[in-house]
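Participant: Same order as they appear, the protein sequences are chains A and B. The first sequence maps to residues 603 to 713 in the working numbering. The second sequence maps to residues -1 to 113 in the working numbering.
Rather than coming from a laboratory, the hints here were simulated on the basis of the structure. No false leads were mixed into what you were given.
Mimicking EDC-like on lysine to aspartate or glutamate, the simulated pairs with C-alpha atoms at most 20 Å apart in a straight line are:
#: 1; chain 1: A; residue 1: Lys700; chain 2: A; residue 2: Glu607
#: 2; chain 1: B; residue 1: Lys55; chain 2: B; residue 2: Glu100
#: 3; chain 1: A; residue 1: Lys665; chain 2: A; residue 2: Asp686
#: 4; chain 1: A; residue 1: Lys700; chain 2: B; residue 2: Glu50
#: 5; chain 1: A; residue 1: Lys665; chain 2: A; residue 2: Glu654
#: 6; chain 1: A; residue 1: Lys619; chain 2: A; residue 2: Glu662
#: 7; chain 1: A; residue 1: Lys657; chain 2: A; residue 2: Asp669
#: 8; chain 1: B; residue 1: Lys11; chain 2: B; residue 2: Glu73
#: 9; chain 1: A; residue 1: Lys665; chain 2: B; residue 2: Glu100
#: 10; chain 1: A; residue 1: Lys661; chain 2: B; residue 2: Glu100
#: 11; chain 1: B; residue 1: Lys101; chain 2: A; residue 2: Glu654
#: 12; chain 1: B; residue 1: Lys101; chain 2: A; residue 2: Glu656
#: 13; chain 1: A; residue 1: Lys700; chain 2: A; residue 2: Glu654
#: 14; chain 1: B; residue 1: Lys101; chain 2: A; residue 2: Asp641
#: 15; chain 1: A; residue 1: Lys605; chain 2: A; residue 2: Glu654
#: 16; chain 1: A; residue 1: Lys700; chain 2: B; residue 2: Glu100
#: 17; chain 1: A; residue 1: Lys712; chain 2: A; residue 2: Glu611
#: 18; chain 1: B; residue 1: Lys55; chain 2: B; residue 2: Glu73
#: 19; chain 1: A; residue 1: Lys712; chain 2: A; residue 2: Glu617
#: 20; chain 1: A; residue 1: Lys673; chain 2: A; residue 2: Glu658
#: 21; chain 1: A; residue 1: Lys712; chain 2: A; residue 2: Asp686
#: 22; chain 1: A; residue 1: Lys661; chain 2: A; residue 2: Asp686
#: 23; chain 1: A; residue 1: Lys659; chain 2: A; residue 2: Asp669
#: 24; chain 1: A; residue 1: Lys700; chain 2: B; residue 2: Glu73
#: 25; chain 1: A; residue 1: Lys665; chain 2: A; residue 2: Glu617
#: 26; chain 1: B; residue 1: Lys101; chain 2: A; residue 2: Glu662
#: 27; chain 1: B; residue 1: Lys(-1); chain 2: B; residue 2: Glu100
#: 28; chain 1: A; residue 1: Lys673; chain 2: A; residue 2: Glu656
#: 29; chain 1: B; residue 1: Lys101; chain 2: A; residue 2: Glu658
#: 30; chain 1: A; residue 1: Lys605; chain 2: A; residue 2: Asp669
#: 31; chain 1: A; residue 1: Lys665; chain 2: A; residue 2: Glu607
#: 32; chain 1: A; residue 1: Lys659; chain 2: A; residue 2: Asp686
#: 33; chain 1: A; residue 1: Lys657; chain 2: B; residue 2: Glu100
#: 34; chain 1: A; residue 1: Lys659; chain 2: B; residue 2: Glu100
#: 35; chain 1: A; residue 1: Lys673; chain 2: A; residue 2: Glu607
#: 36; chain 1: B; residue 1: Lys11; chain 2: B; residue 2: Glu80
Computed Cβ-Cβ distance ranges for the label pairs, DEER-style:
#: 37; chain 1: A; residue 1: Asn629; chain 2: B; residue 2: Thr51; range: 24 to 32 Å
#: 38; chain 1: A; residue 1: His678; chain 2: B; residue 2: Glu80; range: 35 to 43 Å
#: 39; chain 1: A; residue 1: Asn629; chain 2: B; residue 2: Lys55; range: 15 to 23 Å
#: 40; chain 1: B; residue 1: Asn75; chain 2: A; residue 2: Gly618; range: 47 to 55 Å
Quick reminder that beta carbons are idealized off the backbone N, C-alpha and C, glycines included.
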Amino acid sequence: SQKIEQNSEALNIQEGKTATLTCNYTNYSPAYLQWYRQDPGRGPVFLLLIRENEKEKRKERLKVTFDTTLKQSLFHITASQPADSATYLCALAGNTGKLIFGQGTTLQVKP
Amino acid sequence: KAGVTQTPRYLIKTRGQQVTLSCSPISGHRSVSWYQQTPGQGLQFLFEYFSETQRNKGNFPGRFSGRQFSNSRSEMNVSTLELGDSALYLCASSLAEVEGREKLFFGSGTQLSVL
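Next up, chain B with everything else stripped away, as it sits in the complex:
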């Protein structure tokens, strides 16, 4: 069974640009969560989607948005990039009907650098 796939693996952007990251969950998983990881803040929850609906949201500005398609694939978008958005963005999928009750399967992440 294929794992969680995130593309691209690395990305370099400049301030003010926007970026779209993609995540393909494990087949059969309907829940997809996104996290931002930085050395100073650790893993910070961005949002979680289940069956195309955003079910939970973290404390990030509106520049961070996401969506989930009918095949459970998910994208997250960051508009008007800032230097502080440089981070490893991780996507995770699970079977959970209710988030937190099942283990998460993480992708390898997209390393975003904003110059």
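So here's chain A without its partners, still in its complex pose:
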């Protein structure tokens, strides 16, 4: 069956370091992959979208890679700050299908 896996364990890093979050998927051929940020008690907020024919996308301190051979996306936050602490969700969509979310990885950036 289709499966999206994100690190279930929280990621703890020191302020100023680069945070790298992983999203792996199986039995899926997504045309689009999206990353969202969610703070406690709030709805997810869109960060980046990357298409299957794109290898990398950047936005300010954020970078996303998409490797359809490895079936993996990496999400990087450079020069991390305590304000980056949140849960980060990846979501996949096929060409005409619904958007399916991973369970999310919680990032904690310590000052």
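Assemble chain B onto chain A, guided by the hints.
Facilitator: Then chain B, alone, in the frame of chain A:
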């Protein structure tokens, strides 16, 4: 531009009751999706509406239903509530002619507690 508005913010019901949740999308957005979020299961897709038609449906029982009105506002209904229906219900809107191609804008959700 106003964001996605969900009402009510909090709701407490008892088993066997039914509940209706409301969602007003961003002006101009014709796609509205509903998700259920629980600590154990994460975000689970319920259904998606586009121009008043259900375009996609998740794997939830028939007790979960929805509809979309001509002004794109959407409602979801859960009948015969069960304890396991306690969750944060999120609504999201987008411009997407085809779901998944555009970003979703989420509301703050309705926190439903079933006692």
